[in-house]
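Place chain B on chain A using the hints.
Quick mapping for you: the protein sequence lines, in order, are chains A and B. Position in the first sequence counted from 1, then plus 63, gives you this note's numbering. Position in the second sequence counted from 1, then plus 152, gives you this note's numbering.
Simulated from the structure, these hints should not be mistaken for laboratory data. One should not assume that every hint holds.
Distance condition first, Cα-Cα at most 30 Å in a straight line; then the derived DSSO-like pairs of lysine-lysine [stated by the list, open to error]: (1) A:K304 - B:K563; (2) B:K297 - B:K188; (3) A:K304 - B:K547; (4) B:K202 - B:K464; (5) B:K480 - B:K427; (6) B:K547 - B:K563.
Remember, predicted model here, so these are calculated numbers, not experimental data.
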Amino acid sequence: VTPITTEKPRPASTRRPGRRRRFSVTTPSWLFAAPALLVYALVVLYPAISGVFYAFTDWSGIGEDMSFVGLANFRTLLGDEQAMGSIGNTLLLTLAIVAVQNGIGLLLALGVHAKLKSRALLRVIFFAPVVVSPVMVAFLWKYIYNPDPSAGLNGLLGLDVNWLGDPSVALWSVAGMVVWQYAGYSMVIFLAGLEGVPKELHEAAMIDGAGTVQRFRYVTWPLLAPALTINMMLSTIGGLKLFDQIFATTNGGPGYATETLSTVLYKQAFVFGKFGYSTAIALVLALFVAAVSLVQVYYLRNREVTA
Amino acid sequence: VAAAATACSTRPDTAATTGGQGATTELKFVGVADQKAPMDSLLAAYQQAKPSVRINASFAPTDQVQTSVRTQLGAGNAPDLHVVYPGSGSAMSMTQIGQAGLLADLSAQPWTQTIPAGFKPAFQLDGKTYIYSAGSSVIGAVYNKKAFEKAGVEAPPATWTEFLAVCDKLKKAGVTPIALGAQTPWVTQLITYALVPSTVYAKDPTFDDKQLAGQATFAGSGWRQAMEMYLELQKRGFFNDKPNGTTFEQQISMVATGKAAMAIQVSAVLPDFRKAASSPDDLSMFPVPGADDAASVWIPAGVVVGLGASAKGKNVEEAKAFIDFLGKQENINAWAKAIAAIPLTQDASSAIDPAVESFLPFTKDRAVPFMDQRWPNAEVQPVHFAVVQELLAGKATIDEALKKMDEAYQK
Numbered sequence: 064v065t066p067i068t069t070e071k072p073r074p075a076s077t078r079r080p081g082r083r084r085r086f087s088v089t090t091p092s093w094l095f096a097a098p099a100l101l102v103y104a105l106v107v108l109y110p111a112i113s114g115v116f117y118a119f120t121d122w123s124g125i126g127e128d129m130s131f132v133g134l135a136n137f138r139t140l141l142g143d144e145q146a147m148g149s150i151g152n153t154l155l156l157t158l159a160i161v162a163v164q165n166g167i168g169l170l171l172a173l174g175v176h177a178k179l180k181s182r183a184l185l186r187v188i189f190f191a192p193v194v195v196s197p198v199m200v201a202f203l204w205k206y207i208y209n210p211d212p213s214a215g216l217n218g219l220l221g222l223d224v225n226w227l228g229d230p231s232v233a234l235w236s237v238a239g240m241v242v243w244q245y246a247g248y249s250m251v252i253f254l255a256g257l258e259g260v261p262k263e264l265h266e267a268a269m270i271d272g273a274g275t276v277q278r279f280r281y282v283t284w285p286l287l288a289p290a291l292t293i294n295m296m297l298s299t300i301g302g303l304k305l306f307d308q309i310f311a312t313t314n315g316g317p318g319y320a321t322e323t324l325s326t327v328l329y330k331q332a333f334v335f336g337k338f339g340y341s342t343a344i345a346l347v348l349a350l351f352v353a354a355v356s357l358v359q360v361y362y363l364r365n366r367e368v369t370a
Numbered sequence: 153v154a155a156a157a158t159a160c161s162t163r164p165d166t167a168a169t170t171g172g173q174g175a176t177t178e179l180k181f182v183g184v185a186d187q188k189a190p191m192d193s194l195l196a197a198y199q200q201a202k203p204s205v206r207i208n209a210s211f212a213p214t215d216q217v218q219t220s221v222r223t224q225l226g227a228g229n230a231p232d233l234h235v236v237y238p239g240s241g242s243a244m245s246m247t248q249i250g251q252a253g254l255l256a257d258l259s260a261q262p263w264t265q266t267i268p269a270g271f272k273p274a275f276q277l278d279g280k281t282y283i284y285s286a287g288s289s290v291i292g293a294v295y296n297k298k299a300f301e302k303a304g305v306e307a308p309p310a311t312w313t314e315f316l317a318v319c320d321k322l323k324k325a326g327v328t329p330i331a332l333g334a335q336t337p338w339v340t341q342l343i344t345y346a347l348v349p350s351t352v353y354a355k356d357p358t359f360d361d362k363q364l365a366g367q368a369t370f371a372g373s374g375w376r377q378a379m380e381m382y383l384e385l386q387k388r389g390f391f392n393d394k395p396n397g398t399t400f401e402q403q404i405s406m407v408a409t410g411k412a413a414m415a416i417q418v419s420a421v422l423p424d425f426r427k428a429a430s431s432p433d434d435l436s437m438f439p440v441p442g443a444d445d446a447a448s449v450w451i452p453a454g455v456v457v458g459l460g461a462s463a464k465g466k467n468v469e470e471a472k473a474f475i476d477f478l479g480k481q482e483n484i485n486a487w488a489k490a491i492a493a494i495p496l497t498q499d500a501s502s503a504i505d506p507a508v509e510s511f512l513p514f515t516k517d518r519a520v521p522f523m524d525q526r527w528p529n530a531e532v533q534p535v536h537f538a539v540v541q542e543l544l545a546g547k548a549t550i551d552e553a554l555k556k557m558d559e560a561y562q563k
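Just chain A, same shape as in the assembly:
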């Protein structure tokens, strides 16, 4: 977008070392971040890390009765049919959300990046669901997913689907609701990426005779890699720890059809009163999310290129 991008590559030898000699780039940025980091450490890191201790106990959440049980909670987890089943649901849900949300997000971004008159308005409309609380969205979708053939989505599409009540459909209904809410979020990140693709590359490609599809395939797509990395990572993390939307719509049901690791660990803690076991599940979930994200970032970063 900026017409002066051609001036960017400057002779590196003269300016960069000079800048570094005067002050280090990293020190002040850490200082600026310090107050926020301190609050984060106190409010998030400290409780999270101190919570790890409970994963090795049988604490009930109330009272002082507690004993150290070593790895017993983790062994229980391995033999817990319900928790293991929920891992499958969690992965399916995450896969669906990552693929569809980013696909739709990319299409929306390409759409509103085009020179449309109403594109500013459309951007706002597509992004609007993101700012609504997930629980509100879930309650709204409970109406949209009314099983009555004449109401809600069924009425609109002329279908007769038991959206949240049929165990083989419910998981995908939840995914659809999440995608509806967050596709706009992916769109905004892709849009930022699209804005960063230099015009002259497109112009050069056009002069070389590349069509729309080829320009997307060989110019836009490689340069969107950083946006894709961040979108994939955010939607994966969001999918793996999805809780609010499920809790407010199906609460894990019908039966166990939409039970995810997050709903299982919630129930273990607050419904069954097994805080120790619940913390163990939470710890496994946290490590799993961290591992998946790291692997993802490592692979996706490798395919990133710069303009």
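Okay, now just chain B, sitting in the frame of chain A:
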């Protein structure tokens, strides 16, 4: 303690009549949404009776209140008074919190002496009373009188065969016989709860004790018959379409508007049905007959959700004094009336809601507490919810369902 408590209360005392004793003790109460109606009027009465104590009450739905109060209990900053569930089958139950030493002992209060013997397990742990509750509610069929009239049903059924015949008649008249909102988890259990007293406890009133001793199981008892009857209702098309996709709120509106003729529900939510109906007199209740011999029909009658005083609070004595006030007969009556419950103890001024009158002949010796109130842990109930949804969806067999419940019971 008193000084600290007064220092905390920053609000000016608006009750001008207190004169010299300007000091106000502020108590905090966290309750479940069902308790709002009775508590609002009783709190106003208490303010009159004892102006030096102000009670700050807040209410939330079951799931949220269980989460937040349990967290507060765990963190050691529980409210002075809070919701407690009778018996032992939930994470906020009298037994589970009482065992952790977090509930104040109420045994010295006069009303505890008159708790009916059959209800003692719901109120007491090791002979000490830890929970106040105003009475009991029953599970039965909430029905729309107009829908029954329209289909030509004259009297509520007294046996299972009659019950099926009534459903058939309603169905032929174009009315959904039974509205079922099984997407709302707790609604799933009510039909089994309505039937099990007849299929299990009428045959063996000591079933709970045997099950606790490991001598009886769900799979090897009348629970199987109750599940079969549940599914028979579905097979015959007596439920609304897609019960697993229907919520409690939709269930209420179906019966209130006459689109469906009845709902198997707990009497405590009767006020919700009445609010939704064009006239509250359209609705009444009858016991669900779970047997073909009218004499062996039993009903579920459970102690309604109550409250306890935090043993670790700063104002334990003031909190207990409020519960003592609630224990007076007139206040038991007032609370029971607000939620259409049968008062814990009765005197001449006790009013019984006409809708639950048909249950009274049963309450003496043909009633059993809600099943979960004697279950040993909080896991059996959610498993029951889940397996009923699976059965309704055709994703499980009765054998598998009962096996899962037995496994959860033995945890």
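Results for each hint:
1. A:K304 - B:K563: holds (27 Å)
2. B:K297 - B:K188: holds (28 Å)
3. A:K304 - B:K547: Judged against 30 Å, a Cα distance of about 26 Å means the pair holds.
4. B:K202 - B:K464: Given that 30 Å is the threshold and the Cα spacing comes to 23 Å, the pair holds.
5. B:K480 - B:K427: Holds, at roughly 29 Å.
6. B:K547 - B:K563: Distance of about 24 Å is within 30 Å: holds.
Checked against the numbered hints listed earlier, the structure breaks none of them; every hint is satisfied.
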